[in-house]
Every structure is written in C-alpha cells, then in structure tokens.
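Taking UniProt numbering, I'd label the letters of the sequence shown as residues 1 to 363.
One or more hints might be untrue.
Dumping the calculated PhoX-like pairs for lysine-lysine here, alpha-carbon to alpha-carbon at most 20 Å [stated by the list, open to error]:
1) K240 - K291
2) K315 - K291
3) K291 - K336
4) K315 - K336
Hints listed in this document are in silico derivations from the structure and should not be mistaken for laboratory results.
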Amino acid sequence: MFSDSPVEVIGFIHTEMHRKGKTMEKICQYNGLFTEDKSCDTNDMKTITTQTDEIEDFNVGNVDFVALNDCLKNGLRILEIECKGWPKMNDYLETPDENINYDKTIKIPLYQHPSFRSKNISALCWNCSGNKIMIATGEQCHTQWCNHLNSVFVYSLSDLEKGENTVINKLEVTSCVTCLATHPMNEHLLTAGLYNGELVVCNTNENMTMISLEWHSQAVSKSLWFVRSDHRVILVTAGKDGYVCIGTMVSDKIKLTQRLCRYIVGVPGKIGIQSFDYSDRHFLVGLENGKISSHLCEITRNIKENQVLEAVKVKTYNGNSIMIENIQFCHKNTNKFIITQFDCTMLLYDVYQIRKKLFSIEE
1 MFSDSPVEVI GFIHTEMHRK GKTMEKICQY NGLFTEDKSC DTNDMKTITT QTDEIEDFNV
61 GNVDFVALND CLKNGLRILE IECKGWPKMN DYLETPDENI NYDKTIKIPL YQHPSFRSKN
121 ISALCWNCSG NKIMIATGEQ CHTQWCNHLN SVFVYSLSDL EKGENTVINK LEVTSCVTCL
181 ATHPMNEHLL TAGLYNGELV VCNTNENMTM ISLEWHSQAV SKSLWFVRSD HRVILVTAGK
241 DGYVCIGTMV SDKIKLTQRL CRYIVGVPGK IGIQSFDYSD RHFLVGLENG KISSHLCEIT
301 RNIKENQVLE AVKVKTYNGN SIMIENIQFC HKNTNKFIIT QFDCTMLLYD VYQIRKKLFS
361 IEE
C-alpha cells in the first residue's frame with residue numbers, strides 16, 4: 001500500500017558534463033520517486049539504420065525570445081485573417097474511396113504455421129508506415145525460468161490484401177515475447193521485450209540484424225518509442241523488476257540514460273510495473289499490486305548547484321483487482337485515463353479526482 005502521508009526523501013547524484021569539459025555533480029532529491037543514473041556502455045547500432053539525425057547542442061541564452069514572440073503573434077494574426085474564408089467542418093463531406101472495400105475483413109490463417117498451433121499470440125503491432133504487421137508468440141505457463149523458443153512474424157499488408165499469407169521475415173528468440181514496439185520514424189526497426197528481461201532491437205529489413213539490451217532483470221512488461229520535443233527518439237521500457245528504463249538514440253547509437261522506480265515506505269523490494277502511459281503533463285504507472293501511480297511532470301528552470309528540487313507530485317489510485325493489466329490516457333482529453341484489470345473490469349479515472357472512479361465496467 002502506498003502511504004498518503006509524506007514519505008522519506010531519497011536523493012541521487014546526477015553528473016553533468018559542461019561545455020568546457022568540466023564534470024559537475026548535482027545532488028537532487030525527489031519525494032516518493034527514486035531516480036538513479038545508470039552507467040553502462042553505449043550500444044552501437046550502425047548495422048540498424050535509424051534514420052535519426054544527431055542534433056547539435058545550442059545555447060538557449062542566444063535566442064531573442066521577445067522577437068520570437070512578436071513573430072509568432074504576427075503569424076497567428078495572419079492565419080486568423082486567412083482562415084476566415086476557409087470552409088467550416090460542417091460543410092465538409094467525406095467521400096469514400098472507391099478503390100477500398102470497406103466491408104472486407106482480412107483474415108490471417110495463423111494455424112498454417114506450427115508455432116501458432118501450440119502457442120498464444122502474446123503481442124502484435126504495426127510499423128510506422130502501416131504496411132507491415134508484426135505478430136509474436138508466447139506461453140502463459142512459466143515456472144522458475146522461461147526457455148521457450150518463440151518467434152516474431154512479419155507480414156506485409158499488401159500481400160495480405162492479395163490473399164497471400166506469406167511471412168516475409170521472422171525473428172526467433174529463446175524466450176517468450178511479452179511486448180512489441182516499433183520505431184516512430186524507421187519503418188524497419190522493431191523492439192521485442194522478452195520474459196527473461198532481455199530487450200531485442202531488430203532490423204526487419206532483409207538480413208534481420210539485431211542487438212540485445214540487458215536493461216531489466218525480470219520480464220519486460222511494456223516498451224514504447226516516442227519523439228521528444230527536441231526531436232530526439234526515446235525508448236522507454238518497464239519491467240516486472242519495478243524499473244522504468246529510458247534510453248536515448250543519437251545517430252546510430254542507443255544509450256541507457258536513466259532508470260526510475262516507485263518505492264514504497266516500509267516494504268522491501270520493488271513492485272513490478274505492468275503497464276504505463278504518458279501525456280503532456282502526467283506519467284502513469286500501473287503496478288502489479290493493483291495500484292496506479294500518477295507522476296506530475298513539470299519543468300524546473302534555473303536549477304542551482306546542490307539545490308533540492310521540488311518533490312515530484314505523486315498521486316495514487318486504487319483499483320479493484322490485484323493486478324493492473326493495461327493503462328491508457330484519452331487522446332482527446334488527457335485528464336482522463338482508463339485501466340483494465342485482471343478481474344476483467346475497466347475503470348475510468350480523472351487525474352484530478354483521486355478518490356472517485358468515474359465508471360466501472362464488469363462482465
């Protein structure tokens with residue numbers, strides 16, 4: 001159980017490299033959220049084309065924000081004048097594409113492959129261009145370890161539309177696949193999280209080259225690629241070991257830069273993370289003990305050396321089940337989020353109404 005009372009503060013040392021080459025350590029403290037820098041080798045991904053350009057550092061102090069603000073205001077004023085003559089959405093009539101059969105459902109007979117006869121579909125995803133579908137296999141029954149041989153099958157949507165049930169590529173792994181994620185800009189880059197904690201990054205184009213990332217000590221429950229505001233690509237993973245790992249891609253390399261974990265006062269060890277999601281202001285974590293933890297993300301400016309940062313605002317929501325299966329923000333209203341639970345119920349919450357569930361759906 002998370003405590004509603006103030007919890008003890010855990011600090012960490014954050015090392016920053018300045019332009020002059022001087023290394024400076026900052027001691028930062030957060031309340032209820034433990035953050036540690038993870039020092040590890042940078043994984044070379046030259047064999048996996050990422051289509052991500054390296055971004056050079058720039059000095060924000062050289063930007064004239066007054067002039068920039070004036071330019072933005074003038075641009076908005078021009079757009080407002082130009083938009084007056086544009087047609088309204090009510091006058092817009094959507095015409096269906098005659099070349100698309102909207103009543104057609106594409107079926108993939110997976111039973112033709114021996115792997116699907118004895119195993120379950122554990123994960124699936126689309127690539128960023130929408131022309132490939134990745135389907136992974138896995139087993140639900142595990143003892144102390146998992147040494148099950150499993151695969152990730154890659155299908156082409158154009159082949160499926162023609163009625164061709166052909167696997168264009170296959171990735172074989174020595175453990176059950178627990179989650180899949182695709183790169184937001186590179187249509188060939190695929191990430192598979194495994195039950196043994198391994199994270200495999202694979203190039204699905206032709207030779208299927210891959211690298212292995214050992215970020216977690218237990219099963220990877222979820223992985224997600226997204227693009228930051230500075231256009232850098234970030235890989236975020238969560239595992240049953242209780243950690244959220246954050247890796248940054250620059251050019252053809254990926255580096256594990258940070259690990260986060262939600263600790264509980266008075267309880268040894270860490271609670272496994274089942275799922276997570278994020279919005280522009282909040283980071284949600286669904287835990288195996290049926291709790292949902294919401295972390296308010298705010299930017300702190302002008303941080304002085306050895307300054308204690310403001311506590312990360314953490315809210316805790318209670319579910320009905322012993323385990324959260326999935327959690328997701330509403331794309332239209334990011335104050336709302338929905339969770340699915342192990343007892344086959346769905347709950348809707350508002351991030352600003354901690355004690356109240358908006359509705360519950362049960363079988």
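Cross-check of the supplied hints:
1. K240 - K291: holds, 14 Å
2. K315 - K291: Measuring from Cα to Cα gives roughly 10 Å; hence the hint holds.
3. K291 - K336: holds, 16 Å
4. K315 - K336: holds, 14 Å
In this structure, none of the earlier numbered hints is contradicted; all agree with it.
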